[in-house]
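Colleague: Chain by chain, the residues:
Protein chains: 2
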Amino acid sequence: MEKKGILTVVSGFSGAGKGTLMKELLARYPETYALSISATTRNPREGEVDGREYFFKTREEFEKMIAKDELIEYAKYVENYYGTPRDYVETKLDEGKDVILEIEIQGALKVKEAFPDTLLLFVTPPTAGELKNRLIGRGTETMDVIESRMRRACEEAEGMDRYDYLVINDDLEECVERMHEIIRGEHDRSFRNKEFMKSIKEDLERLKGED
Amino acid sequence: MEKKGILTVVSGFSGAGKGTLMKELLARYPETYALSISATTRNPREGEVDGREYFFKTREEFEKMIAKDELIEYAKYVENYYGTPRDYVETKLDEGKDVILEIEIQGALKVKEAFPDTLLLFVTPPTAGELKNRLIGRGTETMDVIESRMRRACEEAEGMDRYDYLVINDDLEECVERMHEIIRGEHDRSFRNKEFMKSIKEDLERLKGED
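Going line by line, the protein sequences match chains G and E. Position 17, counted from 1, in the first sequence is what our numbering calls 36; the numbers after and before it change by one each time, with no gaps. Position 133, counted from 1, in the second sequence is what our numbering calls 152; the numbers after and before it change by one each time, with no gaps.
Heads up, a few of these hints could be off.
All copies of an identical chain are treated as equivalent in the list; a pair is satisfied when it fits inside any one copy or across any two copies.
[To be verified] Here are the simulated SDA-like cross-link-like pairs (lysine to any residue), alpha carbons at most 20 Å apart as the crow flies:
| hint | residue 1 | residue 2 |
| --- | --- | --- |
| 1 | K23 | I187 |
| 2 | K131 | R208 |
| 3 | K22 | E200 |
| 4 | K217 | C173 |
| 5 | K131 | S209 |
These aren't lab readings, by the way, just hints derived from the structure by calculation.
Turn these sequences into a full structure, and let the hints guide you.
Modeller: Structure below.
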């Protein structure tokens, strides 16, 4: 019903398979979705293409984008900036594409502040036991690595309640379809269809006047 | 994910085809849904069976149900009571059935008050023009009938914003699937999965302790 796209932020536990999930969603419904492309000041790795994996920027360019409010959100990790260019997202939404953006919780909440209609999805393994297995890995990790994953998962879990939906990633096929259905269902939300409701009401008022 | 059923209230413009829609939804997914059966003091019509179309009650029985808080909501139309028995709804929800309840807006809002997790769906024709056609009918209606429909539709339209989702009834098949998807998607809402989130968090805390 609602023709404008919905901005969907996807977060989730590390190792929950967000990347694969989104790649599959995009591959299956290329007309429906667009993946938001982040800007970053880090150097391109081999095989990465500017405007496909990232928009690669110098520090000066990135800071100019910040100053001009051209980023919906940004953060600095290990001396490098990462951010979401506003222009790309807004253009795609206006084209009617549902835009998918993968970022962690702090970024997700900033996006929700800038675009209150943003849909927040949290990807999680089906059970706590499964999450445990993914955190511990194949027994080849050092205690340091496991502890750091554990701390991170605890932080991630704290934010889960702030998300609109939980998406269980057990079977990839099933998970992609659930995510697609959730986003499609959201298009029918009343608050996303204010124009439609307004036009129905106006028409009824006009009809009443014609009696 | 969430195993307990969701209570869904369906309202909508008169003539929007709610009855047919729900009959088809139930026929297609009999394991998933249960239709809430109203209690009433009106006399059974030919072919109506107690416990199928309605629970038929005497006025004394009905008023006893009111006194004992056995109805989620009730109203009186033309000297007859109509209401939603709490017991039937709660039993079906506990069995994991999604319970569908067709009532008008005043009742819908009362149900939402008693069960805040209730999902409110509003069924509407696809366009204001189509609604107009359905209101005016085939040109065989008296002005009185049309005026009364118009007034009613205006009242119904006023409440639309209070519903969670709008369901466009254009093509029946499509509409049934949309409704099914919306309700299924709602099962993945974070606030309906507090137990799941709690268990994930507790398990992570325990894991951290085991380091």
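Colleague: Any hints from earlier that this structure breaks? Give me their numbers in increasing order, please.
Modeller: Going through the list in order, the structure violates no hint and respects every one.
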